[in-house]
Amino acid sequence: MDTILSVDEILTDIAWFFVVGIVIAGVLLAGFKLGQRVREKEPPPPTPESQPHLPDGGPVHEVREERDPVEIPEGGLRPHEMQGYGNFGSTTSDHADQVRAERESGYAKPEGPGPHPQPGAPPDAGRGAHS
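Numbers 0 to 130, taken from numbering that gives the first Met the number 0, label the letters of the sequence shown in order.
Since the hints were derived computationally from the structure, they do not count as laboratory data.
Treat the numbers as computed from the prediction; the structure is a model and nothing was measured.
C-beta atoms are modelled at their ideal positions from N, C-alpha and C, and glycine is treated no differently.
Hints may be right or wrong, so weigh each one.
[As the list claims (entries may be wrong)] Across the chosen pairs, the derived CB separations fall in these ranges:
no.: 1; residue 1: R63; residue 2: V26; range: 57 to 65 Å
no.: 2; residue 1: E65; residue 2: E41; range: 23 to 31 Å
no.: 3; residue 1: L28; residue 2: S49; range: 15 to 23 Å
no.: 4; residue 1: Q50; residue 2: G30; range: 30 to 38 Å
Based on the sequences and whatever the hints tell you, model everything.
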């Protein structure tokens, strides 16, 4: 009698796992079907003819210019005092090559002992990884 009950319990457990597996598979299939329906309602991808084309004169090239700085008063400016939404109407610099060369020349290495060494670092650790 015990063997029949134990076999019956095993078959019941197998049936529950089978039912749960069928339910999970059904939910996954329903999700895929819903995704197909949503995708069918979307507009088709754009055709190559509807994509933007180059202008007749060819590609537009970038204009590189240096602007003269605008002096800002010591106390700063309030929003209503700014001209043109933050554009102060600066002008193109007359000495653009000098300004660009000064900016692109790089920065001097800082003088002095450098940052404090990390705890546990050897005494000759130097300025760190960027020295």
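To see whether the hints hold, each was checked on the structure:
1. R63 <-> V26: 57 to 65 Å: Holds - the Cβ-Cβ distance for R63 and V26, about 58 Å, lies within 57 to 65 Å.
2. E65 <-> E41: 23 to 31 Å: This hint is violated: roughly 47 Å between Cβ atoms.
3. L28 <-> S49: 15 to 23 Å: violated (36 Å)
4. Q50 <-> G30: 30 to 38 Å: Holds: the Cβ-Cβ distance is about 33 Å, inside 30 to 38 Å.
Hint compliance for this structure: hints 2 and 3 are broken, all remaining hints hold.
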